[in-house]
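Okay, here's what each chain looks like letter by letter:
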Amino acid sequence: MSTDLKIEGVSKNFGSVSALRDIDMNVEKGSFVCLLGPSGCGKTTLLRIIAGFEHATSGRLLLDGVDVSNVPPHKRGFGMVFQSLALFPHMSVAQNIAYGLKLRGIDKASQRDRVEELLNVIELPTIADRPVAALSGGQRQRVAIARALAVQPKLFLLDEPLSALDAKLRENMQIELRQLQRKFGVTTVLVTHDQTEAMMLADQLVIMDHGVVRQSGMPSQVYREPADAFVADFLGTANVVKGEVSESGAVTFLGILAQDKALPVGGAGIEVAIRAENIAVVECENPERSILGTVEFVRDLGPNVESIIAVGEEKLRVRSRAREVVSLSAGQQVGLKIDPDLCSFFSR
Amino acid sequence: MFSSLFSTRGGSYSFVIFFLTTLGLLISALPVIVVTLMSFSAAETAAFPPAEYSFRWYEALWAQLSSDESSSAHSLGDAMFTSVLVAALVMLIATFVCVPLAYALVRGGGRVRAGMELLFTLPLVFPLVILGIAFLLIAESLALDLGIWRLVIPHVALVLPFVLRNCMSAMNGIDIEIEEAAISLGASWPRAFLDVVVPLMKPGILAGLIFALIISFNEFTITFFMYTIDVSTLPIWMYSRTVSSLDPAVLSLSVGIILVDVVMILIIDKIIAGRASLF
Amino acid sequence: MDPRHSSLRSFALSLPAIIAIAPFLGACFYIFRFSVSGESGRISGFSLQAYFELAEPFFLRSIWVTVKLAALSTLVVLILAVPIALVIASVRGAVVRRVLTVTILLPMILNLLIQSYGWIILLGPSGVLNTALRESGLISRPILLLFNETGVLLGLIQTAIPLAVFPILSASRAISREYLEAASSLGAGNWRVFYDVILPLLRPGLVSAASIVFAYNASAFAIPLLLGGRRVQMLGVAIRDMISPLFNWSGAAAAGMVLIVITTGVLLLATWLINRSTRTPKSTGTSAPLQTGGGA
Numbered sequence: 001m002s003t004d005l006k007i008e009g010v011s012k013n014f015g016s017v018s019a020l021r022d023i024d025m026n027v028e029k030g031s032f033v034c035l036l037g038p039s040g041c042g043k044t045t046l047l048r049i050i051a052g053f054e055h056a057t058s059g060r061l062l063l064d065g066v067d068v069s070n071v072p073p074h075k076r077g078f079g080m081v082f083q084s085l086a087l088f089p090h091m092s093v094a095q096n097i098a099y100g101l102k103l104r105g106i107d108k109a110s111q112r113d114r115v116e117e118l119l120n121v122i123e124l125p126t127i128a129d130r131p132v133a134a135l136s137g138g139q140r141q142r143v144a145i146a147r148a149l150a151v152q153p154k155l156f157l158l159d160e161p162l163s164a165l166d167a168k169l170r171e172n173m174q175i176e177l178r179q180l181q182r183k184f185g186v187t188t189v190l191v192t193h194d195q196t197e198a199m200m201l202a203d204q205l206v207i208m209d210h211g212v213v214r215q216s217g218m219p220s221q222v223y224r225e226p227a228d229a230f231v232a233d234f235l236g237t238a239n240v241v242k243g244e245v246s247e248s249g250a251v252t253f254l255g256i257l258a259q260d261k262a263l264p265v266g267g268a269g270i271e272v273a274i275r276a277e278n279i280a281v282v283e284c285e286n287p288e289r290s291i292l293g294t295v296e297f298v299r300d301l302g303p304n305v306e307s308i309i310a311v312g313e314e315k316l317r318v319r320s321r322a323r324e325v326v327s328l329s330a331g332q333q334v335g336l337k338i339d340p341d342l343c344s345f346f347s348r
Numbered sequence: 001m002f003s004s005l006f007s008t009r010g011g012s013y014s015f016v017i018f019f020l021t022t023l024g025l026l027i028s029a030l031p032v033i034v035v036t037l038m039s040f041s042a043a044e045t046a047a048f049p050p051a052e053y054s055f056r057w058y059e060a061l062w063a064q065l066s067s068d069e070s071s072s073a074h075s076l077g078d079a080m081f082t083s084v085l086v087a088a089l090v091m092l093i094a095t096f097v098c099v100p101l102a103y104a105l106v107r108g109g110g111r112v113r114a115g116m117e118l119l120f121t122l123p124l125v126f127p128l129v130i131l132g133i134a135f136l137l138i139a140e141s142l143a144l145d146l147g148i149w150r151l152v153i154p155h156v157a158l159v160l161p162f163v164l165r166n167c168m169s170a171m172n173g174i175d176i177e178i179e180e181a182a183i184s185l186g187a188s189w190p191r192a193f194l195d196v197v198v199p200l201m202k203p204g205i206l207a208g209l210i211f212a213l214i215i216s217f218n219e220f221t222i223t224f225f226m227y228t229i230d231v232s233t234l235p236i237w238m239y240s241r242t243v244s245s246l247d248p249a250v251l252s253l254s255v256g257i258i259l260v261d262v263v264m265i266l267i268i269d270k271i272i273a274g275r276a277s278l279f
Numbered sequence: 001m002d003p004r005h006s007s008l009r010s011f012a013l014s015l016p017a018i019i020a021i022a023p024f025l026g027a028c029f030y031i032f033r034f035s036v037s038g039e040s041g042r043i044s045g046f047s048l049q050a051y052f053e054l055a056e057p058f059f060l061r062s063i064w065v066t067v068k069l070a071a072l073s074t075l076v077v078l079i080l081a082v083p084i085a086l087v088i089a090s091v092r093g094a095v096v097r098r099v100l101t102v103t104i105l106l107p108m109i110l111n112l113l114i115q116s117y118g119w120i121i122l123l124g125p126s127g128v129l130n131t132a133l134r135e136s137g138l139i140s141r142p143i144l145l146l147f148n149e150t151g152v153l154l155g156l157i158q159t160a161i162p163l164a165v166f167p168i169l170s171a172s173r174a175i176s177r178e179y180l181e182a183a184s185s186l187g188a189g190n191w192r193v194f195y196d197v198i199l200p201l202l203r204p205g206l207v208s209a210a211s212i213v214f215a216y217n218a219s220a221f222a223i224p225l226l227l228g229g230r231r232v233q234m235l236g237v238a239i240r241d242m243i244s245p246l247f248n249w250s251g252a253a254a255a256g257m258v259l260i261v262i263t264t265g266v267l268l269l270a271t272w273l274i275n276r277s278t279r280t281p282k283s284t285g286t287s288a289p290l291q292t293g294g295g296a
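Protein chains in written order, with the numbering used here: chain A, 1 to 348; chain B, 1 to 279; chain C, 1 to 296.
Treat the hints as calculated values from the structure; they're not laboratory data. Just to be clear, a hint being listed does not mean it is correct.
Each pair of labels, with its calculated beta carbon distance range [what the hints assert, rightly or not]: (1) C/I139 x B/S245: 17 to 25 Å; (2) C/G26 x B/S66: 41 to 49 Å; (3) A/D107 x B/S66: 49 to 57 Å; (4) B/G110 x A/S18: 49 to 57 Å; (5) C/F29 x A/S18: 26 to 34 Å; (6) C/L138 x B/S245: 25 to 33 Å; (7) C/R177 x B/N172: 18 to 26 Å; (8) B/Y53 x C/A132: 45 to 53 Å; (9) B/G110 x A/E117: 41 to 49 Å.
Now the stretches of chain B that chain A is said to cover, found in silico as 3 or more residues with beta-carbon under 8 Å [said to hold, decoys possible]: (10) 169-183; (11) 186-196.
From the structure, some residues in chain C lie toward chain B, with a derived Cβ separation under 7 Å [unchecked claim]: (12) P83; (13) L144; (14) L145.
Cβ coordinates follow ideal geometry from the N, Cα and C atoms, glycine included.
Go ahead and model the full structure; you've got the sequences and the hints to work with.
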């Protein structure tokens, strides 16, 4: 039942406002894709175009090579989980799950079997006859997922489905969701603005901003090798500082000299992204390759200590492991060590 | 919820609020109370309060209703039947047109919505006398035998604002994602509308139905201009019986109408309890 | 979905309702057309004659009586409706709320004839008020309460109370209890809280209620007909008389236009006032009179 999805040159304008510009994307059979970006980046619009609730201004959607751009949403055979979950409040849990089966003309007995099967899969075998209003947040979540999967969808779409849950429950649901998706082997597209969620779930991460795809790839790859300063800044905690490239190709930033970075030469200004966890705080004794900074703010989060340290005009956000860092206090002078090999360099 | 909109602590303030509230409620209810008491009077005259109480006027009403010759032009039974028929038709038509309109306005939005809402509020603020005269003029100049539709058509216009308001407030509470969920599961739009939207609108639809029913059933002014010998309603029958003096039998009929109205209001209140639309 | 598709669908869905309201719009237009007709008995040619003929003492006095009674009843109704709305907003018990709902809604929808019967019994020459006054020796002959302006005024007040309660009540939903608690914590007494917090926040609801009650009572027909007899010639009754004994159709239409101008003028003024005062902090619970539900 699994399918691959190809998005070709999809653009969407709302009046004169351009919401999506020339999106290309390949979703492999059975993979889990997360569309991640700040609010207003166009990720939800893209999902709604895939679902068929919005019509692309230009471009095509290919499902297993077949153009489905003009197929109305109710004939696409996708399963969708909505942000509000959109469980039908006037139906019981079983009626909700069976609704799509009923529409497909499946007989009552098979409907019942399928509902039972799905309730077992979501580990809630006893709630079939309960009204939706009587369910807890996590139970609703699972029922919404079961309802979408009941019809054996060609494509499983989720629009920020976990955003209403509290942190602990959300983490459990993420794991469950991932396991369910593997089990059903269904090609899945999930929209989220939560980077931890995206990193946790995705086989393929698609970072969007202002209606364009900034970067697409495996989560670890996107994290370690961001394509531009936006991605570096958006994913995780990064400090983006200005740097210079000399005629010889040597890069200078924060007084650090780095050689052999493949960058345009000739006095051009560049941007350097340094992840907060890649800055080491050391005793201030002015050793080799350490920079001087002043601690402005410290908070101890348990496993990590986060601090803001001023270096010249830049304020760097630093995350250190609690066990490995010297004790910090505001106003203190410290030394910082930054390994240029762990930094990303972008031309401005 | 707003327990301190008026405080129970303060002396003069609370006193004034309670005094005015009591006075206002008393004035509101006074005519109904008086009519109800009078209908149980044992006397021939309309002296109030009655010296003795009896059911004689209810018996008189019953006699009138059961012995009524159906050929009589001004029979009570005919008027009652016409009233109920008109109210039922008005209720069905108004609801039938308002449910899709409420959907279109809530989902459509924008400038059109504001304009249409305004248009469908107009019958509420338009002087009824003038409407009555205008409808009469049109009916006369058309020279058509409209039958019962003489009353149904103007009544529908009159109840549209109430029905639409109730339908819209129910529609406002329906998240578009619910509809899209049905569509994503394979429902065509009409199917999703019937399976999901209409059931969820049910409280608003029912409240609108009942509003239409009682408003049409109690309408006097427009009907006063539009009625004919063949098509006449209960309020007109009552008016014709009391134009010179008060017939206590009419009062017992009034109590019946009051009871019907109270029951209808309680049903509406029950249906839309917890939602703000009634108030 | 395709926007063109959905706007076509919106139109299709609105069509039945548009057909249902079309006779009403036709009636509005018809009245206007008749008021500028060249002849008084049918539509033919154009003339403002009907309007000029209205400038006679009888009709001008009718306008005066109408405006006076509508304004007076509006004032009294507001004074009574604000406390009622505040009390209803504070009520929690289901039974009390239901009793209040019935008491308030009943005058709005109950057949106006029945309510007039009540007033006739109460205020008539042998009614309870006159009997009581006579028995207490305060008066020797029955005083006239019915078939004069006093009776009509009472009837107008009573039937219009619900119309005022609803908009005020919906405005009171914008008043959070925390505002009141904040005011009292700053040292304001009950009356001060009422003047400084409640009343200003109710203002849109008050304006809306006032304009609806005024428009409703200015165009009243059944109440002045039944309680005022021929003596209190409010516009509604005067217009009827132009048709029924006099057959002056275009005159009635012109008088009707005058009444419409008065009522819509007040409503538009109120809508403008509310839009002006609520432009910045958009309160959810209140709306202009032309968007507010009222009574029939």
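Each hint tested on the structure:
1. C/I139 x B/S245: 17 to 25 Å: holds (24 Å)
2. C/G26 x B/S66: 41 to 49 Å: holds (42 Å)
3. A/D107 x B/S66: 49 to 57 Å: holds (56 Å)
4. B/G110 x A/S18: 49 to 57 Å: Cβ of B/G110 to Cβ of A/S18: about 21 Å, so the range 49 to 57 Å is violated.
5. C/F29 x A/S18: 26 to 34 Å: violated (45 Å)
6. C/L138 x B/S245: 25 to 33 Å: holds (27 Å)
7. C/R177 x B/N172: 18 to 26 Å: With Cβ atoms ~25 Å apart, the hint holds.
8. B/Y53 x C/A132: 45 to 53 Å: Violated: the Cβ-Cβ distance is about 20 Å, outside 45 to 53 Å.
9. B/G110 x A/E117: 41 to 49 Å: holds (45 Å)
10. 169-183: It holds: at least three residues are needed, and the stretch 169-183 of chain B offers 7 whose Cβ sits within less than 8 Å of chain A.
11. 186-196: holds (count 8)
12. P83: holds (4 Å)
13. L144: violated (17 Å)
14. L145: Constraint on C/L145 not satisfied, violated at 13 Å.
Comparing the model with each numbered hint stated earlier shows that hints 4, 5, 8, 13, 14 do not hold.
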